[in-house]
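Chemist: One letter stands for each residue in the lines below.
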Amino acid sequence: MTDAILDIRNLTVRFGSIAAVNDVSLTLRRGETLGLVGESGSGKSTASRAILQINRASSGEVHFDGEELVGAKGARLKALRRRMQMVFQDPRSSLDPRMTVGALLEEPQVIFGIGTRVSRKARVAEMLHLVGLDPAVANRFPHEFSGGQAQRIAIARALILEPELIIADEPVSALDVSIQAQIINLLVKLRSQLNLSLLFIAHDLAVVRHISDRVAVMYLGRVVELADRDLLYGAPAHPYTRALLSAVPVPDPHIERQRQREILKGELPSPANLPSGCAFRSRCPLYAALGKPEICSEKLPPLAKVVPGQSAACHFAGETDKVAGPSA
Amino acid sequence: MSAALLEVSELEVAFDTRRGRVKAVDGLSFRLGKGEIIALVGESGCGKSVAVKSVLKLLPEQTARYEAGSITLDGRDLLGLDEKAMEAVRGREIALIFQDPMSSLNPVLTIGKQIGEAIKRHQGGSRQEIAHRTVDLLRRVGIPAPETRLNAYPHEFSGGMRQRVMIAMALSCGPRVILADEITTALDVTIQAQIIDLLKSLVADAGAAVVMITHDMGVVAGAAERVYVMYAGAVVETATTEDLFSRPAMPYTWGLLRSIPSLDRPVHEPLVPIEGLPPNVALLDGGCRFRPRCPYRRDICAEAEPPLAPAPDGAEGHLARCWGLDPVRGWLRDTDWKTDLGDPAARAQISADAAKIKGGKP
Ligand SMILES: Nc1ncnc2c1ncn2[C@@H]1O[C@H](COP(=O)(O)OP(=O)(O)OP(=O)(O)O)[C@@H](O)[C@H]1O
Ligand SMILES: Nc1ncnc2c1ncn2[C@@H]1O[C@H](COP(=O)(O)OP(=O)(O)O)[C@@H](O)[C@H]1O
Ligand code: SF4
Ligand code: SF4
Ligand SMILES: [Mg+2]
Ligand SMILES: [Mg+2]
Numbered sequence: 001m002t003d004a005i006l007d008i009r010n011l012t013v014r015f016g017s018i019a020a021v022n023d024v025s026l027t028l029r030r031g032e033t034l035g036l037v038g039e040s041g042s043g044k045s046t047a048s049r050a051i052l053q054i055n056r057a058s059s060g061e062v063h064f065d066g067e068e069l070v071g072a073k074g075a076r077l078k079a080l081r082r083r084m085q086m087v088f089q090d091p092r093s094s095l096d097p098r099m100t101v102g103a104l105l106e107e108p109q110v111i112f113g114i115g116t117r118v119s120r121k122a123r124v125a126e127m128l129h130l131v132g133l134d135p136a137v138a139n140r141f142p143h144e145f146s147g148g149q150a151q152r153i154a155i156a157r158a159l160i161l162e163p164e165l166i167i168a169d170e171p172v173s174a175l176d177v178s179i180q181a182q183i184i185n186l187l188v189k190l191r192s193q194l195n196l197s198l199l200f201i202a203h204d205l206a207v208v209r210h211i212s213d214r215v216a217v218m219y220l221g222r223v224v225e226l227a228d229r230d231l232l233y234g235a236p237a238h239p240y241t242r243a244l245l246s247a248v249p250v251p252d253p254h255i256e257r258q259r260q261r262e263i264l265k266g267e268l269p270s271p272a273n274l275p276s277g278c279a280f281r282s283r284c285p286l287y288a289a290l291g292k293p294e295i296c297s298e299k300l301p302p303l304a305k306v307v308p309g310q311s312a313a314c315h316f317a318g319e320t321d322k323v324a325g326p327s328a
Numbered sequence: 001m002s003a004a005l006l007e008v009s010e011l012e013v014a015f016d017t018r019r020g021r022v023k024a025v026d027g028l029s030f031r032l033g034k035g036e037i038i039a040l041v042g043e044s045g046c047g048k049s050v051a052v053k054s055v056l057k058l059l060p061e062q063t064a065r066y067e068a069g070s071i072t073l074d075g076r077d078l079l080g081l082d083e084k085a086m087e088a089v090r091g092r093e094i095a096l097i098f099q100d101p102m103s104s105l106n107p108v109l110t111i112g113k114q115i116g117e118a119i120k121r122h123q124g125g126s127r128q129e130i131a132h133r134t135v136d137l138l139r140r141v142g143i144p145a146p147e148t149r150l151n152a153y154p155h156e157f158s159g160g161m162r163q164r165v166m167i168a169m170a171l172s173c174g175p176r177v178i179l180a181d182e183i184t185t186a187l188d189v190t191i192q193a194q195i196i197d198l199l200k201s202l203v204a205d206a207g208a209a210v211v212m213i214t215h216d217m218g219v220v221a222g223a224a225e226r227v228y229v230m231y232a233g234a235v236v237e238t239a240t241t242e243d244l245f246s247r248p249a250m251p252y253t254w255g256l257l258r259s260i261p262s263l264d265r266p267v268h269e270p271l272v273p274i275e276g277l278p279p280n281v282a283l284l285d286g287g288c289r290f291r292p293r294c295p296y297r298r299d300i301c302a303e304a305e306p307p308l309a310p311a312p313d314g315a316e317g318h319l320a321r322c323w324g325l326d327p328v329r330g331w332l333r334d335t336d337w338k339t340d341l342g343d344p345a346a347r348a349q350i351s352a353d354a355a356k357i358k359g360g361k362p
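Protein sequence lines correspond, in order, to chains A and B. According to full-length UniProt numbering, the first sequence is numbered sequentially starting from 1. According to full-length UniProt numbering, the second sequence is numbered sequentially starting from 1.
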């Protein structure tokens, strides 16, 4: 057993000429929750699918508990896959509508030849109870449940084989706010009860803040900031992180009125046609404020340490206060 | 309060379904003044979209029934208008922008053509004038180098750009009222901030008035002057944005505010969800509609629906629907909603009921 449950090194995933994930290195410590945020198309889902070997890595390594996953096949991959499970955004499309909830939860156990019929059913009941559902719902079908309930079922299914790692890709994005909080609290409870490590992907920075120990921010396939939660939210080092935070609306009219928004101009450039040097250059307020320094267009900024517990990929990471910052 | 431009009062809209008649909007009232932005907030299924579609009579004729109430624009009754007169109102006086621009844009027509059609329909003009106005509109909604984008198809635009195109089309005839139904829900926060800024500047510059429909309290706080909180087809609380956030009056609004994982709250403070299942309007039973999920409920709450009555803070136009606020027998008039989360036993009961999917999905 190693301290890092997941160790991703220089992972790149290409689709044709575009690199959806570009030279990403991340570690997830045992028992830790790492949040992964970024705008739509930044490569979050592709990265998570590449970890589970659903997308093929073009290069790089993914170690799970010290074992290389990239290129793993057959029985070895199956055995490793059992120890990491995925939860998706839309629970209803990830649950086979023709199977009862009971059958859905039994299936992974059957695939791995675990238990007897009786013990499997008992385990199903135990899991349903754990996620806050009455075990009697086992003979219902997925369409009979609301979105939040269906997400509980998907979580139960992911947990039934006692995995060590859960990768949750936008697990609450499709839910109403009141239900979002139920599912976040459920994940927090299960995480400590079952000693899980969690890779939590979301585009909502406020949600990620509530659940993560550390957070990685992706932009166009690369990690541009990686930091302990309080550092990232309290003193963001990358201009992109600052801009993202500044765009999150806060449910307080006083704060909203006084806030100096750092609104990013324009949109994500096409991944097929990236700006040279730093890919954030076309939208970077700091680049503009500094008078377009040449280094930004010439040299790719590496992800480098700013302070202990915080790294950023920006040539001027120490100077982000040169632009009006988020005031929340 | 300014004179009402658009006023909806006591609106009731039902649908004929296989399982009988279902009331999707049940006594909705709101008013929109000139140059104002108001927000209708609530979770999915609370009737927001049905309400705005009613204003333009866009609901399916076979099944939708306008059972009671009135909708007036500048004092003129809209519900009584025939289809031809309604045609003239749609787009020209009131424009509706939907959440999903892809389903309302024609995928096989270029952007330039679609906006041009809208201009032609409402105002006419020579081909050159129309092309000129199209470029102008696209520039106003922040599409860079618009003259080069006229021949692009919707799929070549990102979600945010398509939403801008929808706004451009809505603006093409200079409407007085814009109904914006969850127009930023599917967008990244960065693009959401741009679109909201755009809406605000349209109100400031062009004098349009906006009904913003959203489930995001943060968006409301930043943009709206007045808020209507909806639950299961009815307004349960309304106030100026200021009052609603500083002195929310009733349990559903409290629940909404407590469950938001906002950047301004202490990070270690746990989220307090609203327990239970989303409401199912087909299963309302005459008592308070929030009762199945309300941890402050008492016996009286099952007996009758509470009226929308002045909130305890006495602020003008601050109304809430809750027996607990009743001036005589109310028990929630002095409740500190941040610390008093209701009866723990009731909370536990609500979760236990939800675990059994009583009522099932909405
Ligand atoms: N199968 C594929 N073929 C080609 N391109 C792909 C494929 N899957 C993803 N991409 C591209 O890779 C990039 C990253 O996509 P990805 O789905 O990982 O983003 P994401 O961060 O998960 O976004 P979202 O927030 O929208 O879920 C995008 O440019 C996307 O268009
Ligand atoms: N065409 C329809 N026929 C029957 N019921 C409908 C129809 N449209 C909406 N409803 C019902 O009306 C209620 C309110 O829906 P809607 O206005 O779309 O909610 P919101 O926009 O707040 O999410 C829901 O219960 C929904 O299922
Ligand atoms: S390297 Fe330059 S362009 Fe990139 S984020 Fe830093 S300042 Fe902006
Ligand atoms: S009337 Fe009763 S059930 Fe309804 S919100 Fe008030 S306390 Fe809760
Ligand atoms: Mg994704
Ligand atoms: Mg809707």
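Derived from the structure by calculation, the hints contain no laboratory data. Be careful, since some hints might not be right.
[What the hints assert, rightly or not] Here are the simulated lysine-lysine pairs, DSBU-like style, with alpha carbons at most 35 Å apart: (1) Lys23(B) <-> Lys356(B); (2) Lys356(B) <-> Lys189(A); (3) Lys200(B) <-> Lys265(A).
Every value quoted in this text rests on a predicted model; they were computed, and no experiment measured them.
Chemist: Each hint should be assessed against the structure and marked as holding or not.
Modeler: Structure-based check of each hint:
1. Pair hint Lys23(B) plus Lys356(B) holds up; C-alpha atoms about 25 Å apart against a cutoff of 35 Å.
2. Between Lys356(B) and Lys189(A), the direct Cα distance comes to roughly 21 Å. Compliance with the 35 Å bound is thereby established for this hinted pair.
3. With a CA separation close to 17 Å, the supplied pair Lys200(B) and Lys265(A) stays within the 35 Å bound.
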